Amino acid sequence: MSTRPRSKPKASANGAGNKQQMLDLFRQMYLIRKFEEACGEQYGRGNIRGFLHLYIGEEAIAAGAISALNSDDYIVTHYRDHGHALARGIDTNRVMAELFGRSTGISKGKGGSMHLFDAAKGFMGGHAIVGAQLPLAAGLALACQYQDNGRIALVFFGDGAVNQGTFHETMNLAAVWKLPLLFFLENNLYGMGSAVERTRAGGVDIFPIAASYGIEAVLVDGMDVLAVKEATTAAAGVVRSGGGPRFIEAKTYRYQGHSMADPARYRDQAELEYWLKRDPLISFPKLLIEREIATEADINAVRESVAVEVQGAVKFASESPQPQPSELFTDIYA
Amino acid sequence: MPMPELTVREAIKRGLEEALQTDPRVFIMGEDIGKYGGAYAVTAGFFDKYGPKRIKDTPISEATFVGAGIGAAAAGLRPVIELMSISFSLVAFDQIVNMAANLRYMAGGQVKVPMIIRAPTGAGMQLGATHSQSLETWLCEVPGLKVVAPSTPADALGLLRTAFKDDNVVFFAEPAGLYGAKGDVPGSYYTVPFGKASVQRPGKDVTLVSYGHGMKVLHAAADELTARGIEAEVIDLRSLNPLDIDTVVASVQKTNRVLALDTARRTGGVMAEVVTRIQESASDWLDGPIARVGAEDVPWPYNRDLEQEALPRPSDVLVALKAAYGI
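Those sequence lines, one after another, are chains B and V. To get the numbering used here, take the position in the first sequence, counting from 1, and add 1045. To get the numbering used here, take the position in the second sequence, counting from 1, and add 4.
Hints in this document: simulated from the structure, not taken from any laboratory. Only a predicted model underlies this, so the values are computations on that prediction, with no experimental measurement involved. Think of the CB as a built atom: it goes at the ideal place given N, C-alpha and C, for glycine as much as any other residue. Each hint should be verified, as a subset may be incorrect.
Said to hold, decoys possible - Just a few of them, taken from the derived set where beta-carbon distance is under 7 Å, the chain B residues facing chain V: (1) L1181; (2) T1211; (3) L1218; (4) A1220; (5) I1254.
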């Protein structure tokens, strides 16, 4: 049984924060953006194959939410998982190597884009069946409760997953058993090609459903990294202290299609431009400079550092070996 | 030491209690396994004895409580999931096949899922088409799962002990009609390994192989054969994945005749796989085609006579042997 001390919650972030914290948040988002752009390019060159779902536009959620967690909290997410993986601090080289299918990949090249894992960092995937990750997260939370170790689980899911039966079941189970589970809905307004208004009774705001399970919910601006961080910090504190599950909905937007195969013809240009104007990679550095928290030089230094890191990851992945044929038969059974 | 006699139910109960008492990571969850005492009374008394933390009554949400079991196992606990019927595993099939079985592989070996899923299986109790499935026959195709199906109390306890030592997803299929079946259980501690079939009755003239509910049919057929001067060797696979084909092949090398019986529907079931593997490994030793008998390829009817008609009987075994080997 676990004898580890109960984890202490992180101090709540406020609007000012300290310079390093703010630059770290910016770096986190910028790293995700540049990494994802590099993935798009590598996909075009045939180095990444299969399905690729880019997180471009949604960076403020992964960076804000995950920065509010403890390092031993569990994170579960869906197939648009590169941003969450990087925000969790998974080695950039090993993520890119995984996408290239190399043996140095975080899942030895056997998982791929949709199945990034880093168990040592509590990052429990990366899941490809919509909504299937919710029960897994409930089980991780159940283990935290059973072991009384002060850890929590945070599960990311999209507006499409809300219509799977497992969403209802997991909300219900988490509420009935008061699981330390934080539900985080990334509502980017589209389930693949289907707008939320076309597939969900009750309209584009989904968080009101949480009330029917007795789960408190908040709605935040998913393009505002500080708002996301603050909401997650508050909710995680309640969940961690035995207050039961909580629910956060963040509205966001993916600037590209559902996947590399999707030209996103089902969305109109005016809508895209509205959201492009709210790009956190433009608004956040602007905010830091306006409030004199950081300088243009600081911001540029981050940009250069990220460029080096991403280029390094592509190089590492390109030079990494393919798995041995024998790897086909390993890791099936413990 | 004297051999006590237990029912299959008592044997499973004993295995579960041993685990609950010796390993604090073990807990059981499922529908009505706690306060109600379990639909087949396997966990009767556990709730009062072990409490709500270890014995968890779930809502009717198979997909989610199976999935939660996976998460709990990945986080270091050792959950036992009781499904009220193997038929309900269909509701949780995505979690069982896509999540539980795949998780370790997709994660490149970073996680393990030490979870036991127990479920009553099989037809013959007039429960109708949706409650009479034998899905262990499909599940043994899934890499990442282990599937066992005991037919005796000794095997039930021995296999369950092994399941608790195994760090993988173990599907423990309990023949629903056999919970009350009695049998000797060794007095001292023992285990039954996975991947080892059991020769329940030795014989030199023909090999009869099955598992679970099928064993009763084979033994009845073997008795009839003995009356005709034919000695059947009766083998209980008891472990479907991993599958012990070597024991079957060794028997075929001796008898030169073999019949595989499935109480699940004949098409595409695990016994069809057994037939294929015998063909691959022992065709030189066969005096005739491999015989196989399975349930009719029909939905399970409610009516008693119809249901019995669908299920394989000893006479079906004798007819098949006559056709294949003229005996």
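Structure-inconsistent hints, enumerated in ascending order: Of the numbered hints given earlier, those the structure breaks are 4 and 5, listed in rising order.
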